[in-house]
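Protein sequence lines correspond, in order, to chains P and X.
The first sequence begins at 1 in the UniProt record's numbering and counts up by one.
The second sequence begins at 1 in the UniProt record's numbering and counts up by one.
Worth flagging that the hints you see were computed from the coordinates, not collected in a lab.
Think of the CB as a built atom: it goes at the ideal place given N, C-alpha and C, for glycine as much as any other residue.
Incorrect hints may have been included.
Stated by the list, open to error - Straight-line Cα separation of at most 20 Å, EDC-like style, residue types lysine to aspartate or glutamate; simulated pairs: (1) K61/X - E119/X; (2) K5/X - D125/P; (3) K38/X - E120/P; (4) K27/X - D125/P; (5) K27/X - D132/P; (6) K50/X - E70/X; (7) K48/X - D132/P; (8) K72/P - D132/P; (9) K63/P - D25/X.
As the list claims (entries may be wrong) - Here chain X is said to cover these stretches of chain P; the calculated rule only asks that three of the stretch's residues, wherever they fall, bring their Cβ under 8 Å from a Cβ of chain X: (10) 109 to 118; (11) 122 to 130; (12) 157 to 166.
Spelled out, the chains give:
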Amino acid sequence: MAVNFASKCSRAGSSLLGGLGNNLSALLSTQHGTTSYNYLSQQVRTFIQMRTVLKVVDNSGAKKVMCIQALKGKKGARLGDTIIASVKEAYPNGKVKKGKVVYGVVVRAAMQRGRCDGSEVKFDDNAVVLVDKQGQPIGTRVFGPVPHELRQKKHVKILSLAGHIA
Amino acid sequence: MRLEKCWFCSSTIYPGHGIQFVRNDAKIFRFCRSKCHKNFKMKRNPRKVKWTKAYRRLHGKDMTQDSTFEFERKRNRPERYDRNVTENTLKAMKKIYKVRAVREFSHIVKRRVGKKAKELEQAKKELQQDISLVIAPSSHSGGNLRRLPSGECFLVSPLKRSGFEIVILHAFLPAVGNSSYESNTVKRVSPFFWVPPSREALALKRVLNTIYFLLFNT
Chain P
1 MAVNFASKCS
11 RAGSSLLGGL
21 GNNLSALLST
31 QHGTTSYNYL
41 SQQVRTFIQM
51 RTVLKVVDNS
61 GAKKVMCIQA
71 LKGKKGARLG
81 DTIIASVKEA
91 YPNGKVKKGK
101 VVYGVVVRAA
111 MQRGRCDGSE
121 VKFDDNAVVL
131 VDKQGQPIGT
141 RVFGPVPHEL
151 RQKKHVKILS
161 LAGHIA
Chain X
1 MRLEKCWFCS
11 STIYPGHGIQ
21 FVRNDAKIFR
31 FCRSKCHKNF
41 KMKRNPRKVK
51 WTKAYRRLHG
61 KDMTQDSTFE
71 FERKRNRPER
81 YDRNVTENTL
91 KAMKKIYKVR
101 AVREFSHIVK
111 RRVGKKAKEL
121 EQAKKELQQD
131 ISLVIAPSSH
141 SGGNLRRLPS
151 GECFLVSPLK
161 RSGFEIVILH
171 AFLPAVGNSS
181 YESNTVKRVS
191 PFFWVPPSRE
201 ALALKRVLNT
211 IYFLLFNT
């Protein structure tokens with residue numbers, strides 16, 4: 001009996017004081033808990049569309065290209081899609097000169113892309129590998145990681161040139 | 001299909017779940033859910049976030065070294081399918097999980113040894129220091145209303161148990177000018193009403209907590 005009473009009382013007591021404690025903490029947190037994480041919110045990554053500037057990650061001679069047309073999709077290109085771009089910056093003596101219109105395969109995109117199993121993949125930056133109209137890469141090397149989805153897009157050559165496949 | 005571990009919380013990622021982020025140096029960060037992904041984007045260190053496995057391992061909360069963990073290994077060569085091996089593996093898995101659960105439990109029990117004694121020690125010290133804040137109803141003639149120097153009022157009600165006469169905090173009331181005991185009882189203010197964040201009230205709350213603790217833990 002005594003044990004029963006004790007356990008009951010302890011429960012009631014702890015809830016009583018616990019309730020007080022909760023109220024107190026709520027009171028304090030409302031005073032200075034509102035301004036959090038605003039400065040940490042990131043830019044929303046979106047499609048590769050007209051005027052998107054992409055890094056060129058092969059040795060074709062171009063440094064940066066600007067998308068002028070996505071060949072697929074209404075909103076824009078995503079990871080693995082082909083785009084038409086104009087070369088904005090280029091190395092001297094490269095195969096590709098500044099101002100040329102080129103085709104490119106998006107090998108890295110900051111916007112996430114669904115995978116066949118339902119999970120998603122995203123990369124650090126937007127990067128492109130220049131190809132000709134038939135889809136053969138212009139350069140002979142590919143830098144950085146590329147997704148394995150390129151195999152489904154019939155870009156096996158890029159995959160074999162790449163050092164890392166993610 | 002491979003079951004990967006979440007980079008942030010170390011839970012298992014089942015196929016079709018989560019997101020993976022590939023850094024430019026080709027390091028892959030896999031996340032089991034958006035919660036972990038967001039925490040990563042906020043540049044939080046999983047070793048400093050309390051709910052992650054990394055934190056719990058680092059702080060000795062979970063069992064880290066055990067032979068049952070040895071079975072879970074990353075193999076890069078696919079096993080040739082064998083019906084008997086698969087069957088035995090499935091049987092062994094159950095057993096291993098059982099053994100692990102038993103060992104985890106004993107680990108937690110071992111971890112908590114001495115905690116109670118430490119708490120009791122602290123509570124006794126606390127009581128000695130702040131017992132002056134609590135008044136016994138016998139010494140306080142008539143009304144049960146107690147007023148703190150800062151103006152907050154609270155009700156006290158006695159509880160008799162095993163020879164002790166102890167005052168239990170009943171309710172904190174906001175400071176009301178000229179409020180009598182009667183009017184407050186009529187209002188029947190809930191005990192979870194409001195805590196005035198004054199030093200006396202907090203100290204009193206602490207000491208009453210201590211009394212509860214000593215009453216029901218010795």
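Okay, the hints, checked on the actual structure:
1. K61/X - E119/X: Status holds; Cα separation ~19 Å.
2. K5/X - D125/P: violated, 24 Å
3. K38/X - E120/P: Since the Cα atoms of K38/X and E120/P sit roughly 14 Å apart, the hinted pair holds (cutoff 20 Å).
4. K27/X - D125/P: Given pair K27/X, D125/P holds - Cα atoms ~14 Å apart, limit 20 Å.
5. K27/X - D132/P: With a Cα-Cα distance of about 30 Å, the restraint between K27/X and D132/P is violated, given a limit of 20 Å.
6. K50/X - E70/X: violated, 25 Å
7. K48/X - D132/P: violated, 50 Å
8. K72/P - D132/P: holds, 17 Å
9. K63/P - D25/X: The given pair, whose Cα atoms are some 19 Å apart, holds under the 20 Å limit.
10. 109 to 118: n = 3 at 8 Å, threshold three: holds.
11. 122 to 130: holds (count 4)
12. 157 to 166: holds (count 3)
Of the hints listed earlier, those the structure fails to meet are numbers 2, 5, 6 and 7, in rising order.
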